[in-house]
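Q: Sequence lines, in order, name chains A and B. Under the working numbering, the residue at position 62 of the first sequence is numbered 159, and the numbers go up by one with no gaps. Under the working numbering, the residue at position 216 of the second sequence is numbered 224, and the numbers go up by one with no gaps.
Do not rely on the hints blindly, as some may be mistaken.
[Said to hold, decoys possible] Here chain B is said to cover these stretches of chain A; the calculated rule only asks that three of the stretch's residues, wherever they fall, bring their Cβ under 8 Å from a Cβ of chain B: (1) 109-120; (2) 157-168; (3) 176-190.
Derived from the structure by calculation, the hints contain no laboratory data. These figures come from a predicted structure and were not determined experimentally. Even glycine gets a Cβ: it sits at the ideal position worked out from N, Cα and C.
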Amino acid sequence: MRKILKYTLFDLLRSRWNYIYFGFYLVFTMSLLMLSGDVSTVIISLMNVILILCPLIATIFGVMYAYNSREFTVLLLAQPIKRSAIFWGQYFGLALSLSLCLLLGIGLPFLYYGLSSSGATWEFLTLLGNGLLLTFIFSGLAFLIALRNDNKIRGFGLAILTWLFFAVVYDGIVLLLLLFFRDYPLENAALGLSILNPIDLSRILILLKLDISALMGYTGAVFQKFFGTIWGSVVAVLSLGFWVLIPVISIRMLSNKKDF
Amino acid sequence: MIKIQNLHKAFGKNTVLNGIDLHIKEGGRITAVLGPNGSGKTTLIKSILGMVIPDAGSIHVQGQAIAGQWQYRAAIDYLPQIAQFPENLTVRELITMIKDIRQAVPRDEKLIERFGLESYLDERLVNLSGGTKQKVNLTLAFMYDSPLVILDEPTSGLDPVAMVRLRALIRQEKQAGKTIMITTHIMSFVEEIADDIVFLLDGKIYFQGAIQTLKEQQQETNLERAIASILDQTPSSLPAQVLAS
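Make a model of the complete structure from these sequences and hints.
A: Below, the structure is given as structure tokens:
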């Protein structure tokens, strides 16, 4: 698996799109830091960008890469190498190359601006960690969708719909549910529902770290009470870890059964 | 070398292989797998390589059942039909990668020379023409001295010079005692290079044996006509466009 990962990374790190993605983060973070001057404020602004953009880009790149490398995968399949090694190598190569863009794109400006002296190191690391987890989760889901669907248009559509569902539609549904059942105690249900969506989960983790959960009103207090504890954080991180594992394990299962 | 018993494969409702029994003996012979489009040639080859997982039946390569295995592929050189590589790698990096994976003694330098790829080694694969990509593809396929060579449409996109060199290379491999399987649509190429023929139609083998036997059996002097006469004898199972051609 390491060999496939290495060469996938070689290939992707030279791709124009990766540079554009990296450049975007670099310029965006730099200008926010220059304009605002306050590290905590910049972290909040970046949060909104990262929560939407990381999953979206990971989804699009994931599907594109999986379809583009189709014929090459066939060549690899003819080599004496395990199937799961090929697909895991490609997936981790993809996720790592995107992660590097994010890491360097927002990391360098913060370091340059003096992150260590700002006292917001933990907040920044939470933001970065969540961005990386979302990259792994959504590129994995996209890879999985591309593996399942031989039809490119259909695969692309499904991947975008998956992103749209988690980024936008899910919150709408939760809101409707809460409105519909407003006569009942919903704290635990709201907690449960947010665990099921990786983007929501990341948002909560970052907001709590930034200590602005009061902005979320009563729900914020409930979340603070749960996720603010050690137990709550463990559950949140485990859930995100679980979200990473789902595509990784499914890729393995599917790759063993698929015809090429 | 290769033993296939009662192989079945369907993609959804479309039955592609319908009870294939095939035995290819070891050493020094070239077998051409022929048949109209959609007759199951590529699926058969991909089943041997473990890319397509059969619904029923068994495949043995060098006496070993291949289901769920991957190590046996070290004994196979394979040339895929479409040459498509990671765009941003150079030719040299791609060759290094395959060497890295296979960990056997390579002979890439002679092949690079044979197909005139020296000046392309540091080019990115995305910048290569279709024919040059096919040459890279051939270099990768023949890079190891494996006893079984499987070529899926090896002639596609090649210029005449490369064709001549490819033919010489295939003959050389044959003389080295290798078992070679080829699929192609070019009958003159088959007639010139192959010893045996496997003729597939609707997922079944209609003929297996030496080219000469086929010609004698069909009382034709030309391979193309002999094949056509098999098609004429089995009109009920044929799609209209095959009959028309």
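Q: Which hint numbers does the structure go against, in order from smallest to largest?
A: none
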